[in-house]
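Produce the complete structure using the sequences and hints provided.
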Amino acid sequence: MNKKYQVVKGFRDIFPPESFLFWQAEKLAREIFARFGYAEILLPVLESQELFSRSIGADTDIVAKEMFVVPDKKGQNLVLRPEATASVVRAYVEGLAQKGSAKLFYYGPMFRYERPQKGRYRQFWQIGAEAIGYAGPGVDAELLLLLDLFFKDLGLKDISIRLNSLGCKICRPAYREALVKYLKSNESALCEECKRRLETNPLRVLDCKNEACKAVTKNAPSPSAFLCPDCATHFAGLRKLLDRQKLVYQLDDQLVRGLDYYTRTVFEFQAPTGLGAQNAVVGGGRYDDLVEELGGNPTPAIGFALGVERLALLLSEKISEAELLAGPEAFLVFSGEKAYAFAFKLLFALRAAGLFADMALDEPLRSLRSQLKLADKLKSKAALIVGEDELSGKIFNLKLLGSGKELKLDHETLQRVAKVDWEEMKSHLSQPGFVYAGKEYEQALVQNQGLLKLLKIYLHELERQEE
RNA sequence: GUGAGUGUAGCUCAGUGGUAGAGCGCCAGGCUGUGGCCCUGGUGGCCGCGGGUUCGAGCCCCGUCACUCACCCCA
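So the working numbering is basically just the index in the first sequence, starting at one, shifted up by 1479.
Just so you know, these hints were derived from the structure itself, not from any lab.
No residue lacks a Cβ here, since even glycine has one placed at the ideal position from N, Cα and C.
Hints may be right or wrong, so weigh each one.
Quick list of in silico lysine-lysine cross-link-like pairs, BS3-like style, CA-CA up to 25 Å [said to hold, decoys possible]:
no.	residue 1	residue 2
1	1648	1636
2	1636	1660
3	1797	1898
4	1884	1856
5	1697	1660
6	1860	1873
7	1725	1636
8	1873	1887
9	1932	1898
10	1898	1935
11	1824	1898
Distance ranges between label pairs, derived from CB positions [what the hints assert, rightly or not]:
no.	residue 1	residue 2	range
12	1939	1841	23 to 33 Å
13	1634	1664	28 to 38 Å
14	1555	1675	48 to 58 Å
15	1492	1656	22 to 32 Å
16	1855	1724	46 to 56 Å
17	1879	1595	38 to 48 Å
18	1523	1665	39 to 49 Å
19	1577	1799	46 to 56 Å
20	1588	1556	51 to 61 Å
Structure, rendered in structure tokens:
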């Protein structure tokens, strides 16, 4: 055997049925975004390194040690994006700003060079939304309500929302100063890491999980006491809107978020369990200075990013594999070469007509028994049996795999039932006392549009066979 | 970058220094044209890799690689 290859560390293949969870999340997100007026932006995965050091902050771990750097042939450093907000803002400034405000969403992979663990990979997928050019708390509320609706529709009820305001460039310095002053007076109690943060990014001390640090930060000055009038008004306005919508959230003084560009509103959606050591499924907030920082006109903005593998992890606890994998409507079972040729034709006729049909295409040809086993394994609803008897006698033979019952129609009955018009039948069926042809199975047939379609195509192929 | 744990069949995992195992899966048969349940048989392995100790190593020792979880950080 040749060398075995394996996926790169921290990267992974997402196999079915897990991939169905991703698809489900993406599908619902797209539906909701459409209703909320967010349009998709397709972004490159590669950006210039500077874009992220400028936006996320040169001192953050993401920029300092977690970027996948790709040197290009001209010697400039490109980077696999660690997040997409910077990309969206870059794209906005470059190609959208002249049109005014924009509500955008994206879906795609992000890359961070971290040690992988549960709920954290080097390539991970994010669904995100950004509203650029909106100043009031209205869009803040819109995004939070959008997410709330999203989680409710997915049936995830244990998600809690944490909310805070970090102030702006006018009021944050004062808060920062007060915080540093307080922390310095308690410096001896802080962990080594936090002593360093005190110099580089004191707000992050509030985020520390170390118990000793938590004890200190518990009594640290709260940012809300330092908000300037504009920031206070914005935050109060947001809370009023959320309260009016009866959205449940928790104010959290300690919530600071890791990226430098955040201003005013910041939020996180957290799951109590199921994500390993992680708890955030969504993180987001305002970044009112970022557009200007990246070369645009001063433009307020807000956005969020949702971790899809973390969401999938939560969904996998709720949804069984059986629910994810839908079996074929009909599995074609054949006996003999002649029947194989016929079934093969029928297979594609059914598929062309929109039905999920399947059959065993591997050689040597499988036995009837083996085919039925396969049909069962694939969770097929029914097995359409095509053999010498069926072909010569023009018989329709469908075995319902749930009950094990067989539906056998002779040629004459087949032709009669195939003439039934579905739309007409449907209107008749709604009338009380309606019984078609007095035969139970025929009524069962006409009540199932998929089955009727199957039957018609079967008959069509059967009769074409004679020509 | 740091720490801990785990590497044996396709998957999940047993395995006292002495012949390489089970369950599940897969294939076939029992039932030559009828799935699930059951029974029988079959398929399947450089025991992660390299070295050492030993008459003898899946097991002990050293190294190395990979994976997992956690720290850190974040979605």
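Which numbered hints turn out to be false for this structure?
Result: hints 1, 2, 3, 13, 14, 15, 20 break, sorted rising.
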